[in-house]
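Protein chains in written order, with numbering that gives the first Met the number 0: chain A, 0 to 302; chain B, 0 to 302.
Hints listed in this document are in silico derivations from the structure and should not be mistaken for laboratory results.
Any given hint might turn out to be false.
[What the hints assert, rightly or not] Listing some non-contacts, in silico: residues in chain B with all C-beta distances to chain A over 10 Å:
{"no.": "1", "residue": "His6"}
{"no.": "2", "residue": "Leu50"}
{"no.": "3", "residue": "His86"}
{"no.": "4", "residue": "Arg99"}
{"no.": "5", "residue": "Gly100"}
{"no.": "6", "residue": "Leu106"}
{"no.": "7", "residue": "Arg140"}
{"no.": "8", "residue": "Gln160"}
{"no.": "9", "residue": "Val234"}
{"no.": "10", "residue": "Asp263"}
[Stated by the list, open to error] One side only, chain A facing chain B, incomplete, derived with CB under 10 Å:
{"no.": "11", "residue": "Val18"}
{"no.": "12", "residue": "Arg34"}
{"no.": "13", "residue": "Ala157"}
Note that the Cβ used here is the ideal one computed from N, Cα and C, for glycine as well.
Number of protein chains: 2
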Amino acid sequence: MNTDFHHRLAAVASEIEDVLVAIFDVATDPPVPARLLNAMRYAVLGGGKRLRPFLVVETARLLSGDSGAALRAGAAIELIHVYSLAHDDLPSMDDDELRRGKPTLHLAFDEATAILAGDTLQAMAFETLADPATGDDPTLRAELVLLLAKAAGGAGMAGGQMLDLEAEGRFGEGGELDAHAIRQLQAMKTGAILSCAVEMGAAIGRANAQQYQALLTYGRAVGAAFQIADDLLDVEASSAELGKATGKDAGRGKGTLVSLWGADKARTELTRLVDEALHALGLFGEDADVLRAAARFTAERRS
Amino acid sequence: MNTDFHHRLAAVASEIEDVLVAIFDVATDPPVPARLLNAMRYAVLGGGKRLRPFLVVETARLLSGDSGAALRAGAAIELIHVYSLAHDDLPSMDDDELRRGKPTLHLAFDEATAILAGDTLQAMAFETLADPATGDDPTLRAELVLLLAKAAGGAGMAGGQMLDLEAEGRFGEGGELDAHAIRQLQAMKTGAILSCAVEMGAAIGRANAQQYQALLTYGRAVGAAFQIADDLLDVEASSAELGKATGKDAGRGKGTLVSLWGADKARTELTRLVDEALHALGLFGEDADVLRAAARFTAERRS
Chain A
0 MNTDFHHRLA AVASEIEDVL VAIFDVATDP PVPARLLNAM RYAVLGGGKR LRPFLVVETA
60 RLLSGDSGAA LRAGAAIELI HVYSLAHDDL PSMDDDELRR GKPTLHLAFD EATAILAGDT
120 LQAMAFETLA DPATGDDPTL RAELVLLLAK AAGGAGMAGG QMLDLEAEGR FGEGGELDAH
180 AIRQLQAMKT GAILSCAVEM GAAIGRANAQ QYQALLTYGR AVGAAFQIAD DLLDVEASSA
240 ELGKATGKDA GRGKGTLVSL WGADKARTEL TRLVDEALHA LGLFGEDADV LRAAARFTAE
300 RRS
Chain B
0 MNTDFHHRLA AVASEIEDVL VAIFDVATDP PVPARLLNAM RYAVLGGGKR LRPFLVVETA
60 RLLSGDSGAA LRAGAAIELI HVYSLAHDDL PSMDDDELRR GKPTLHLAFD EATAILAGDT
120 LQAMAFETLA DPATGDDPTL RAELVLLLAK AAGGAGMAGG QMLDLEAEGR FGEGGELDAH
180 AIRQLQAMKT GAILSCAVEM GAAIGRANAQ QYQALLTYGR AVGAAFQIAD DLLDVEASSA
240 ELGKATGKDA GRGKGTLVSL WGADKARTEL TRLVDEALHA LGLFGEDADV LRAAARFTAE
300 RRS
């Protein structure tokens, strides 16, 4: 199972890579400036586990949804994810130097290019979803745009990054967050996009109300589990293993459930969330084994 | 006529303001972080002529398109425009201190907040278009997203800003642009969004192929005229009149048709472009008088 899962994860990552390469190839006509295109390719291609696209693709597959639409939607969500990494890494944000084992975008290029490349990736994500190439049904295309725009926006990913900067005491106040506030911040900052991946897959697979609710519960639990696993890795893994800086959250006084509760209690919560995710998939029987493996992988990954 | 036009421009600006206020009110539930919401409101509300929304609304009106859809699309294009101003003003980009007569967003707040607010405004623009509140027809909503995403992206606005920074010699090379390269840069940086405003109005009004082609010609000519007028104002107007810094382009060695040709020849080209815009509207008769006045206004404005 575990080997099967890793093969499948790698296979989807490879398919997503092909779609992303094709999107950038189209972008050369009419010509996107070479520097901008190079910066986007540097940030997007050849890296990452493509976990968000994987959730889109496997959720759609569970419901026998169109695989072409799922791959395009997966590519779009990855473009949003990568833009957010490029902007979060900027000196005025988290000021990070290493990402996916390479210098961050503003170091490989420069700040202005990193900002513009991120902006362009965001536009490209919505262009990808709205394009008829994603599917004949305009209702689905508009729904995918709506889901992703909400998840990326002020009540989702971007809003979560704002709360994160505030929690660091960047704007005067800051201070210790309680568990409720940490959960809220993380549900926005990383949870919204992970959960959106599952929702996009459900939309492509035309889930009925019961299926949709089950998948939403799964997506939210996986999103929360992902973040706790990330915070545990930040404390426990080496920078070389992760391909990005570690131990920075504690240094910045960032509140995480790990820093608030300690690693043991956080790990207990992580296990509970994975169980919640697995339980939510009950109605799908063994068809959902890949999504179950994805939930376990999220919690157990070492990078 | 001229007074009528200014009344109409102000009336549409007021309607757009109402739609924008409503969009931000909805954003408080679920809660967008207060600092982020305040930054977006600061940048978006209570300023600007709302020329791009005006072009959407008046083009749709010419074709008896749905006015509610046009106002939502106008609000969306203004959100994109304002996000681009906020990011272009950043220290690592154009480093501007004054915008619409107020301190730029990163000075009123801070760099990280300005970047995040811009990112959120972009997502909000696409959310606004994809939302069923913009219209019952999902084909139209998906088309509006596609038009705006293309215009805002690497082959449009963001790509134009990249070329502009390159032309300043930011990345080593730079140097004198010829008229062709200047036109290309400006068609991307400012022309694409202005032209997109007309195209969105045409889509909402379900223009036939002949109408669409005429409006596209109009939109492109107005976009090019707008930029020459802007470059003339940069040389001739005071900072107080414009509510932003002036004379900066020459200081930076930015290539414009005004700097390349001098003001007189640039003014001749401006007149030619306005004539081209007026000529393109021939098939609409006097129904298009408001769009004609908009073309003249674009060329003759003093701020």
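Right, here's what the structure says about each hint:
no.	hint	result
1	His6	holds (34 Å)
2	Leu50	holds (21 Å)
3	His86	violated (6 Å)
4	Arg99	holds (20 Å)
5	Gly100	holds (25 Å)
6	Leu106	holds (13 Å)
7	Arg140	violated (4 Å)
8	Gln160	violated (6 Å)
9	Val234	holds (25 Å)
10	Asp263	holds (31 Å)
11	Val18	violated (17 Å)
12	Arg34	holds (6 Å)
13	Ala157	holds (4 Å)
Checked against the numbered hints given earlier, this structure breaks hints 3, 7, 8 and 11; the rest are met.
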